[in-house]
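2 protein chains.
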Amino acid sequence: MMRERLYLFDTTLRDGQQTQGVQFSLSDKQQIAHALDALGVDYIEGGWPGANPTDSDFFAARPQTRATFTAFGMTKRAGRSAENDDVLAGVLNAGTPAVCLVGKSHDFHVTTALGISLPENVDNIRASIAHVVARGREAMLDAEHFFDGFKANPSYALDCLKAALGAGARWIVLCDTNGGTLPEEVGGITAEVIAAGIPGDRLGIHCHDDTGNAVANSLAAVLAGARQVQGTLNGLGERCGNANLTTIIPTLLLKEPFASRFETGITPQALAGLLKTSRMLDDILNRVPLRSAPYVGASAFAHKAGLHASAILKDPTTYEHIDPAVVGNERLIPMSNQAGQSNLRARLSSAGIEVASADPRLAQILDQIKQREDEGYAYDGAQASFELLARRALDQCPEFFEVKRYRVTVERRKNKHNEMVTLSEAVVVVKIGGEKVMSVSDSMDEGGSDRGPVNALAKALAKDLGPYQACIDDMKLVDFKVRITQGGTEAVTRVIIDSEDGQGRRWSTVGVSPNIVDASFEALLDAIQWKLIRDHVVPAE
Amino acid sequence: MMRERLYLFDTTLRDGQQTQGVQFSLSDKQQIAHALDALGVDYIEGGWPGANPTDSDFFAARPQTRATFTAFGMTKRAGRSAENDDVLAGVLNAGTPAVCLVGKSHDFHVTTALGISLPENVDNIRASIAHVVARGREAMLDAEHFFDGFKANPSYALDCLKAALGAGARWIVLCDTNGGTLPEEVGGITAEVIAAGIPGDRLGIHCHDDTGNAVANSLAAVLAGARQVQGTLNGLGERCGNANLTTIIPTLLLKEPFASRFETGITPQALAGLLKTSRMLDDILNRVPLRSAPYVGASAFAHKAGLHASAILKDPTTYEHIDPAVVGNERLIPMSNQAGQSNLRARLSSAGIEVASADPRLAQILDQIKQREDEGYAYDGAQASFELLARRALDQCPEFFEVKRYRVTVERRKNKHNEMVTLSEAVVVVKIGGEKVMSVSDSMDEGGSDRGPVNALAKALAKDLGPYQACIDDMKLVDFKVRITQGGTEAVTRVIIDSEDGQGRRWSTVGVSPNIVDASFEALLDAIQWKLIRDHVVPAE
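Chains as they are written, first to last, in the numbering used here: chain E, 1 to 541; chain F, 542 to 1082.
Hints are computed from structural coordinates only; laboratory data are not their basis. For each residue, glycine too, the CB sits at the ideal point set by N, CA and C. Each hint can be trusted.
From chain F, some residues computed to sit far from chain E (all C-beta separations above 10 Å): (1) S566; (2) L699; (3) A736; (4) P740; (5) S891; (6) G1007.
Derived, one-sided and incomplete: chain E residues facing chain F with beta-carbon distance under 7 Å: (7) G21; (8) G179; (9) Y319; (10) T409; (11) R413; (12) I516; (13) V517.
Computed beta-carbon distance windows for the label pairs: (14) F:A1081 - E:G95: 52 to 60 Å; (15) F:R832 - E:P360: 42 to 50 Å; (16) E:R66 - F:E545: 51 to 59 Å; (17) F:A736 - E:S117: 49 to 57 Å; (18) E:P360 - F:V944: 55 to 63 Å; (19) F:A736 - E:G188: 18 to 26 Å.
Model the full assembly from the supplied sequences, consistent with the hints where possible.
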């Protein structure tokens, strides 16, 4: 049976940026665009060129993608031609193969928000889309407030769509801008639009989650005939967020009637990377991943109820609607039981640490992990520290050196040019094989900026580790994540450090303390220790 | 027009407790039961009496509620009579007016998980329900895996329901236990069940959010004829959670076709307390409330896009699907690089800073915000720093004091008991009205733990601010958020500090620097400055 093509349009970089507290940097945007392209969406909406410096810079050096790169903008303003509208020109000048323009389709908004006549607005849509098409681009109309508009004045709302279609728009996107429309209504109105002569394979759907129905609304529109679905990774977006593509994609690929009827650009291999893509975005935003997220949440396949857990052991399909592995997730059964130990053994084995299944130290390691996670540690994102914890419990962790003391100072004062400047300085004393070594460092980078106390400490520590120096010389601190978290009853600081070496290895370590410098230092020490073990360095006598 | 009664059944205390990491205490359960009763749900499912000590204690001293208190249990086991099943006896002994028993309705589960014959399971359902009815209780059957069961073997699944109905069950609850069923299917199957002779006003719906459709599935079942909706506050529950009553309730009360067709036990006054009820549960669980939650999230009525904000000023209905006040929420217009001038004026006005719409300084402030956000600042979550930035541009920001220099030291070494300990110490020199003041502080908390360099700096700075001391004495640093971000081409640290004072005011400030101590100090200074301005303190001469 021929399957119909269903197109996925991602707007994480545009509508997703409307999330309160979200501010993508240029490199964030580049990283997300690459991940979206690897996932296999059809369109990547990159932002509004001309609206702010980051978006303009991003379009100026836009990544090469297989996906159709799309710029967002708005239909021309009344009283000028499309050719003379500077905002529209800014959008077209970004040079993307596709351009999506938001236009009003609700009569109330035309008169209230724009303050122009209803025919003027239709003209603006027609002329703007025609202009985009004349410039050789794929044109889309984002029909703002379409569902509310259709309910208020169906013939006017349809006139707006028809104007865009007549002017050559590839896609007409039905937007539930305020997010208040329910699934039955979205399905019904989409069917009416198709009955009124707008072909379903030219229709897109763009939903918001204000009633918790953005996913269901998108699915209802597809069942009614729409063939493009817009959304964002992790459901980012203004207010309650946009339709969550991280949820919609597996549903379209795995669930009937969608799986048999439609073809998308997402391969099973890409689907298996969905969880990683979701986590990458949370990492960029320094957000705690939502445990209960459908498909990709850490709890999505966690079986807490005793009756469920025992049935799962007989047959996982008893309490799982899909195999967690197909979206890159895994089953989670409370650590206290048998399954916890076999999980642990598998994880240790993948780090080259073999433990017999009967070894009582497995239970001790599980207890330690649980206790330390209670104190604020997190081992999911710090595999190297997890390995060290296990090696210590298994007596497979040599002591390479001992830190006797350290001191770090940050001072801010005026320099001789009467400018306020900051200086950081660290002193570290370590004992290596009976010998004391004292090192000192500041934290100036090549540009003369002070990078702070943790940088000074890292530099002092790595300056002279005697016999280990050759091994750690190619180590580099590449990322540093800080989170305030709850440890027992007190707030503590959790620091996760990512390190890299000359062989391209990258590893993560964790430290926890009420004092951010201490927490960082603990993670730094783990990073060095892990590298020494992995490079089979022999401890000094 | 007569409206039909639709019943709400809350299972926060039973199914909600299956959430990973959730463990209610006795007093938690009592507090939540009172809140649910005040909200006006019809049924409160309190737990499984006999399954664990907390649930047993809770039922032993169950609160007096207007809502029908319900105990959960399972149908009797095969090979014994209902009268002789000790698990069932434990449930009935709790003495609740209603009892809900889970029973299998999927043939595969009967044979795989229970390991009994299909007729035996039907008999267990019939006998158990009859026993509950004979004891004078309202009986309900929780038909586990009903939708999967109906798809696999519709006549067997219906036989299970009919056995319960014939035995006198008030309600038959259709459960999508694994959460994998989509709305169209839930609606269709519910309609088939009614067509097969189970009246809609005896049918309940119980959904899970594994495909992000728990709310839509519940609504679809109601449209198909079911008249009881089960769910939990904030969507707590195993895996991805249960249907979220905090979302479903306002939809049923405010949205068509539900609002006109149905009557529930929730009054408009109770609905206005919905946000508080939701926050109370997060407080009990020590969870950060989900900003993007429909209706009750802090971002649910936040308008970040500049075009939206300017329309909202003309008429809130332009971008709001309901009035936020009806669920106890409020509108929020945060700052961001997407903001327009009207957004800016509205935000300034709500902070008591009035600027004429023609004032050219509005554009300057916007430019500054854009530039600083490019450097790594974020004003969405730091309203107080935003106000200070605007006041500086408008010459409405007095200089209260000048920081001449500071120095902070963190030292880790052995103490006299040969234990490694960390000590932080800060010295701050400020000039207040011509006079220099030097202060020093460590960062020990009451428990003798070192809280780190930022804490030492904050304490030193707040120790002696001369004439301002009385104003800042009730200030407290309550939260501290750190993220590494991109500022220009270099990684910088962004610190957001939340402060609180004796009047219960809470405000947020931001600082950015490659040096975390500098970034924190900048945010601290803003926090003090904001407080001095808000308290109308006069600068020292």
